[in-house]
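Colleague: Sequences are here, hints too, so could you generate the full structure?
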Amino acid sequence: MYIGGFRKVTDDIIRSKLFADILSKRQDKEQRRIIDEFADDLNFEPIARLMVSSLAWSHVKSIGIAPRAVFAHPDILRAHPTTSLYYRGLALLSRKRVGQAAVSVNNWEDGTRKQPVQQEAAKKIACLYNTMISSIIEGSSDWTLDDGYRNILATMGIMLDGMFRNRIGEAAETLIKNQMMSWLRGQELIPSNRLEQGLRVGEVDHFRQEYVPSDSLEQGLHKLPKDTIMRFGSEPDIEFIREGRRIATIEIKGGRDPAGALERLGAMSKSFAETPPGCANFLVAGVITTEMQTRLDAIGNIKVYLLDKITQDESSWEDFVNEIFHHALRVI
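Residue numbers (our numbering): 1 to 332.
Take these hints with a grain of salt, some might be off.
[Claimed, not checked] Once the Cα atoms are required to be at most 16 Å apart in a straight line, the calculated EDC-like pairs of lysine to aspartate or glutamate come out as:
#1 Lys29 / Asp146
#2 Lys61 / Asp40
#3 Lys226 / Glu243
#4 Lys123 / Glu45
#5 Lys96 / Asp110
#6 Lys96 / Glu235
#7 Lys177 / Asp110
In short, the hints are calculated from the structure, not lab data.
Modeller: Printed below as a string of structure tokens:
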């Protein structure tokens, strides 16, 4: 059996395609167009009300730039929440930082917000952006809107890097789940027919009542021998349940950036902390740093596997699945 590789060239391809796709759309240009064409008059006065400094205001006016092209106004943010992307870029702020300092703008910029943006939230965000933009302008004797555009692109680059790390994690999760399904079919532990491998509706209802009476679980549920249920989800990425009790979990953290290793460990530890005594916990990681290994050793009840090793070496993959399905679950 050949286990498909997950090499660094794959990372590079994902990164390049992601960056090219997002940057080619130039969402900031679309938001600038919306701002330029906004029909309503905008009253910035008094400018201190929206945290615009007098020096920054005077500079923008002196070089003939419309204030709305530089400073955020609550009316625009309420009418077109996606314009947050433009002003946030001018302010050199990440989404995460905005959420920490004021309110989250993720669904504003994604265009997925269902409810209108409230006046208080719009003003809070506008004031945050204007404070930062004013500071940036004051810090440069010859600031131009071109400088602002470069800030936007820099901010988009930071966002794309974060998206890339998430995408790598998603790709790793998909790879392991697909390989596991293929292996289980090869072992005849689940039917090869995709239509037969999941639970029937009645069985799902019973499972939901007995185990997790919340979200719809029709997707990602599979029956294994010895009345064992395998569920693909998140937190944990894969779990195994028998008689209503979780008996094994697998977390997949495919990110390779050492700087984010402890953050990924924190998310994984939270998931494993919720498992019952005696549950077998497995971690598939893209990288293990020295500090991460020290903390894993302190936790003590987690078996760790490196992503590259189990996806590129057949014997390592066999060790991995045998540890899960033979020793932990005893279904083979």
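Colleague: If a hint holds in the structure, say so; if it doesn't, say that too.
Modeller: So, going through the hints one by one against the coordinates:
no. : hint            : in the structure
1   : Lys29 / Asp146  : holds, 13 Å
2   : Lys61 / Asp40   : violated, 19 Å
3   : Lys226 / Glu243 : holds, 10 Å
4   : Lys123 / Glu45  : holds, 14 Å
5   : Lys96 / Asp110  : holds, 14 Å
6   : Lys96 / Glu235  : violated, 21 Å
7   : Lys177 / Asp110 : violated, 28 Å
Of the numbered hints given earlier, the model fails hints 2, 6, 7; all others are met.
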